[in-house]
Amino acid sequence: MWFIKRNFISFIEEEKFKLLKEVFKKDKIIEKETKEFEKKEELDSFVKEELDEIPQTYISTITFTLNQGVMDSCSKQKYLEHEIDYDNVKIVCLGNYSFYISLFDLQKIRKDYPYLDFIYPPFAIIDYLAKEKENIFYVLIFEKYLVVLAYEKWIPIFSDIIETKESEENLENVEDIEDIEDIEEIDTIDDLSEDITEDIDAIDEEELEEKLEEIENKATGIEAKILQFIQDSLKEYYANYSSDFIEKIILFDTIGIDEKIANIIEEEVLIECTYKKIDALEIINRISRESVL
Amino acid sequence: MKAYYSFIKPKKKPLFKEDTKLWLIFISISMFLYLSFGAFLLIKAYIFKKETNELKQQIISLNEQIKELNLQKEFILKQETIYTDIMTKNQLVKQQIRNLLDLIPDPITLEKFYIDHNKLIIYGITPTKDVYNLLMLPPLESIFDKTTTYFYELPNGWYRFKSINYLKSENEKD
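Protein chains in written order, with our numbering: chain Z, 1 to 293; chain D, 1001 to 1174.
Read the hints as simulated data drawn from the structure, not as lab findings.
Mixed in with the good hints there might be a few duds.
To be verified - Restricting the straight-line Cα-Cα distance to at most 20 Å, the calculated cross-link-like pairs of lysine to aspartate or glutamate (EDC-like) are:
1) Z:Lys16 / Z:Glu36
2) Z:Lys40 / Z:Glu81
3) D:Lys1013 / Z:Glu49
4) D:Lys1021 / Z:Asp52
Based on the provided sequences and hints, a complete structural model is requested.
Written out as structure tokens, the structure reads:
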């Protein structure tokens, strides 16, 4: 009905709770608001207020649980072949492929956020946006997670999610190493030469080179992590999923990294790479809105 | 094609808030009452209009009846006038006849008479012309404006007479 307001709220749980609220009247957006919450209680109370205010409020989120993925079929047989317990996963069938999630994880999310109307896999964003679907690698970049979805002949056959938080902890260690190397903080040149000599003696050369390479990679931050993730995923893809070459990598960035990353990846993996900035929350709301209409 | 990616289905959402629902119920009830009252007034107005039209028709037919009755009344009044006139005239005629019969003296025998609007014709038998002229003619002359008498002698010596008497009409008087 034309006078009924529909409120679509999407949020993502990362370091903070990022939320987007869009109120529609018919097809026209009449209110748009973004919010960030430190605590879950703040999110809960905001959602409760919104539900009280506008009854037609739909809450959506995406889950980053690692116990989810994509399957190039909807059949039980296919799941069993991949050693996935068909009875303990929830499946969303999209014709000739499906997304799945562990029932246990899904129940946990529903218990944590009982007001949710839509729970999407992060792959849904890629699948929704993907126009080219032949030997393509899509990488979706979040603050805390990296998601990959690979298409072969219009069907996604490979997916992966990694959490980048662990890497950040390593980065902190890297910073520590940088601090040690800060010359200004070393009292005398003698001490410095002594320290260096001791260090050189203690570390064997190969190990040192590996460490330095690793440090160099980590020091470049999220870009390096993305590159590493793509390289690992490509290895996994070629090893276990398909022998067809990936022709293109498309990056969907939700956090706003430097778009030169596309060039870096291109140089490193020698595959054409394009970059696109997206608003994940807005896309989640759009998917929810299309489901409700 | 719409793709439904969600692992769960959305909950059913009410269209309105609880307090809005209450308001809507109240507004609906009041609207219903207003409309019912409006409909009642319309029906009443329609009935009144119908009755008014009927009454107007009745007034028209009654007026026509009144006109007819007035015509009848006029006719009856005319008849009454005529009747009264006739009665009066009859009374007059009766009186005149009585007077006429009173006029006839004993020696004279009245055979017949004819009374018109302003004319009296008397047929009779008189022993002599003098008896007639002395006893009968003076009262006739005093009553009528013009009196003409014709005598016919009978074999026994008596006279049959015819007396024509006129009263002058109003025009003639003028």
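Inset, instruction - Could you grab the alpha-carbon distance between Lys1021 of chain D and Asp52 of chain Z and see if it respects the 20 Å cut-off? - result: Answer holds: Lys1021 of chain D to Asp52 of chain Z is near 13 Å, not above 20 Å.
Legend entry - Hinted pair Lys1013 of chain D and Glu49 of chain Z, Cα distance within 20 Å: 15 Å, holds
Inset, instruction - With a cut-off of 20 Å on the C-alpha distance, tell me whether Lys40 of chain Z and Glu81 of chain Z pass. - result: It is violated: about 39 Å lies between the C-alpha atoms, which goes past 20 Å.
Inset, instruction - Compare the distance between the alpha carbons of Lys16 of chain Z and Glu36 of chain Z with 20 Å, and conclude whether the hinted pair is satisfied. - result: 7 Å, holds
Checked against the numbered hints given earlier, the structure breaks only hint 2 and satisfies all the rest.
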